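Number of protein chains: 2
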Amino acid sequence: MMKSHATLQLKYIGINTSKSAIIYMREDCHICRSEGFVAETRVQVTINNRSIIATVNTTELASDLLKPHEASLSRHAWDLLAANVGDEISISHPAPLDSLSYIRSKLYGNELKTAEINQIIDDVVSGQLSDIHITMFLAASSGNRLNKKETQDLTQAMVQTGERLKWPSQCIVDKHCVGGLPGNRTTLIVVPIVTAFGLMMPKTSSRAITSPAGTADTMEVFAPVNLDVKAMQKVVSQENGCIVWGGAVSLSPADDLLIRVERSMDLDSEGQMVASILSKKIAAGATHIIIDMPIGPTAKVRSIAQADILKNYLESIAAQFSIKLRVVFTNGTQPVGRGIGPALEAKDVWAVLSCDPAAPQDLRDRALTLAGHILEFSPNVQPGCGKETAESLLNNGHALKKFQAICKAQGGLFDIPSAPYTKTIVAKVKGKVASIDNRLLARLAKLAGAPKSKSAGIELLTPLNKLVEKGEPLFIVHAETKGELSYALTFHQQRPNIIHIEEAI
Amino acid sequence: MMKSHATLQLKYIGINTSKSAIIYMREDCHICRSEGFVAETRVQVTINNRSIIATVNTTELASDLLKPHEASLSRHAWDLLAANVGDEISISHPAPLDSLSYIRSKLYGNELKTAEINQIIDDVVSGQLSDIHITMFLAASSGNRLNKKETQDLTQAMVQTGERLKWPSQCIVDKHCVGGLPGNRTTLIVVPIVTAFGLMMPKTSSRAITSPAGTADTMEVFAPVNLDVKAMQKVVSQENGCIVWGGAVSLSPADDLLIRVERSMDLDSEGQMVASILSKKIAAGATHIIIDMPIGPTAKVRSIAQADILKNYLESIAAQFSIKLRVVFTNGTQPVGRGIGPALEAKDVWAVLSCDPAAPQDLRDRALTLAGHILEFSPNVQPGCGKETAESLLNNGHALKKFQAICKAQGGLFDIPSAPYTKTIVAKVKGKVASIDNRLLARLAKLAGAPKSKSAGIELLTPLNKLVEKGEPLFIVHAETKGELSYALTFHQQRPNIIHIEEAI
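Going down the list, the sequences are from chains A and B.
Heads up, the first sequence is in the numbering used here, so the first residue is 2 and it goes up one at a time.
Heads up, the second sequence is in the numbering used here, so the first residue is 2 and it goes up one at a time.
No lab work stands behind these hints, which were simulated from the structure alone.
All values reported here derive from a predicted model rather than from experimental measurement.
Each hint should be verified, as a subset may be incorrect.
Stated by the list, open to error - Label-pair ranges, simulated between beta-carbon atoms: (1) A/Asn85 - B/Arg34: 26 to 34 Å; (2) B/Ser355 - A/Tyr13: 55 to 63 Å; (3) A/Lys429 - B/Asp99: 25 to 33 Å; (4) A/Asp416 - B/Arg34: 24 to 32 Å; (5) A/Pro474 - B/Glu89: 36 to 44 Å; (6) A/Asn85 - B/Asn466: 51 to 59 Å; (7) B/Asn145 - A/Pro169: 52 to 60 Å; (8) A/Asn49 - B/Lys453: 30 to 38 Å; (9) B/Asn111 - A/Asn396: 51 to 59 Å; (10) B/Asn148 - A/Arg51: 42 to 50 Å.
Glycine residues also receive a C-beta, built at the ideal position from the N, C-alpha and C atoms.
Produce the entire structure from the sequences given, and follow the hints as far as they go.
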């Protein structure tokens, strides 16, 4: 039978490899034998007229995972092909990829042409390029080897591969934080302030990737965030703004695929970072953008010099897309507010919005600064008067009312939950809080259950430079189960110096 | 129970991912949940006191592959850990790798220090670095970004990580072909000639990786090649030489791991190539090396200019290790001999060694040239007289006798098998053989079953520039099964121009 000679039947074995397309085949199946396919071969997999490139993993003779006529796919490959159990798939040698020669050319120091960058990004999104190829591209672009024209082309290519939102206003404001600072949850305060003023701010936010909470995770404490474009447009038409999860909308899907590999590489290239930030904002329809750039030794941007380069880069590429962009340098030496984790951050936000005198003043002040810069995009606000305007919108309760209205429009306005298990960590010596390791603090919050357990996380009681007595509370670990609490505490015992206290003499 | 809290029990599911260390864990197992491990997280896996770094693939709730307390490993990870079914493994966050910051530094254009290169290579061999990290390193080294000092350090580091053979002679000769030319099977002729002369040549060769036959595959037609160091030393002490598979001996294991990723990258960096070649030779104990460098449009080295750069690089690094090295440029425009595939190549070799007048003269001549250069390493052979000396050793039957003795010492001297199924491909027009696509020809031989089916492959009847009549045989496809033959022929129908004939007017 000629047909079965070239095909295998799909079985589901349910392995998730993140975004790697893997095909599982028996090492002794007729296709592996005749084509010489072994583990790691790149092959073209076709169902009807849908086709992807996947990497072969073989199953051994001794394994009963697959029968001789069967194959399986990783979750990602399964989804890309919209596969069904029992589908007949054919497997063949893939044609050589032009994009791979462009990437090699870039590695050899040549400038990439617009069409070449488009091809690379198309092949990333359609799964033609393996992780190894994507790594080659990111490595070739690192060390500032992407010039401004290439960065602009990359941004454009990334915008083109996804959806692009349209809004009924000429001025769509947005903000973005370069990241690396736990608890920096200003969006939930900024959006109600500027929409209360009358600007349109349809905000798409991310969930936590490596952190204990993303803006979308925190917003979800108050209201649903998994809105599709249509639902999102309805909220915005009613309230001028929203705070939803960007993942439900396919904005710059190439960015998600590149960031995934960059995370494994633990590498940020300036060109890549600029294209990543701007492609998402352009796809979201933004025309005026404020970039919050925290600077600090454990933040993503570690020096003013590095911040200046990135600022210049962002401004000049944004200008190419006729976008008004302003970068605001902020303090990145310590977490913002008191809470780290969705519900604990939500409490901080609520305290600021309701003008609770006990609200964390650093979060309030930072949100007002950013909101002020956004308000100054409006012709009705004088330069230098934005923060003042923002403050009055907060103090007169308009921002709180707007936030409640947005939550309701998104289908919520829930109460903030509290964790049933807590443990207070106290100072072992008397002295001054000399440093706070943001990364370890974030890890501790995650071990306690954040962001999946909404009320889990860390409540930080001692900012930098505070003088503490021996035995004075430093922070409280919150957890939803006893196991998670003890898990986090065990980790803390091994690293007791997350908050370093300089002993008083 | 505190113990089970941090451990899972090993189940064998038999997935081969080549050299990637993968751990399969249920997405809902207690460790994934509490540590936040998801598909693609890098984790440290420990059994007793053995530890590796592996990448997580998760199994979904709906999958019955693993029970909640179970985990599995890819074949490579299983072997690295010497794991057994039922072993208790513990999984934790890996410590940050210094080598990763060295690689990032190299990406940013900094020179790597000796200790840094050592650390990178150590981490490659012990499986600490993922494919993405290895790709970063190779990309950072490409485009000639490794200087000579770094190449020397890399070579040294690669030698250090494996075995290093010792021989009872001050002069150990070796040869290496830079590759890309099917049928270039001179080793099986060169070794008997130079060992018959009295030089010591303990040759380790590779099996086919992407080609239809490696030297070890062809030698295996005559005699066993899977000899360990002890057996190899016995053969050499008796016959002055051997031709064995290098994979049975762990020479420069880092090279195998790097080459695997380079193949996926489809990239050769000069520094990497030089370190790869020399580290294997130094580890094999060579003191005098001839490099056969075929130059041609479908060979690895495509121009004299490229060959000159590589030659200079090889010579200067070899000198740093006090190795005498000579590069011989050879014709790389077409396959050597008539056979492509283990048994067909073995027939060519046997015809040359037994001075059959019908033997392929190009193979004979090339082997004599290379053997001549090696013989000139001896103080007893005048410069320029090597080839002549080699020829007399071939013509007087000493080389053949030596080859038979080596085969017997290795445990063989088998008859060469013939394939039961053949198909002759004829010229469709009258004209001159204008070009031969080496890569497509190699692919055709592989589709016919080579190298796994020893007697499968291609018998090439028409060298470049030969005038052929319409209907005259161009080449014969050999296969061990009807299915494989028809498979190869189907491929040929789709690409009828593997041998391009310029029509006579």
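Please list, smallest to largest, the hint numbers that this structure does not respect.
When the structure is compared with the hints, none of them turns out to be violated.
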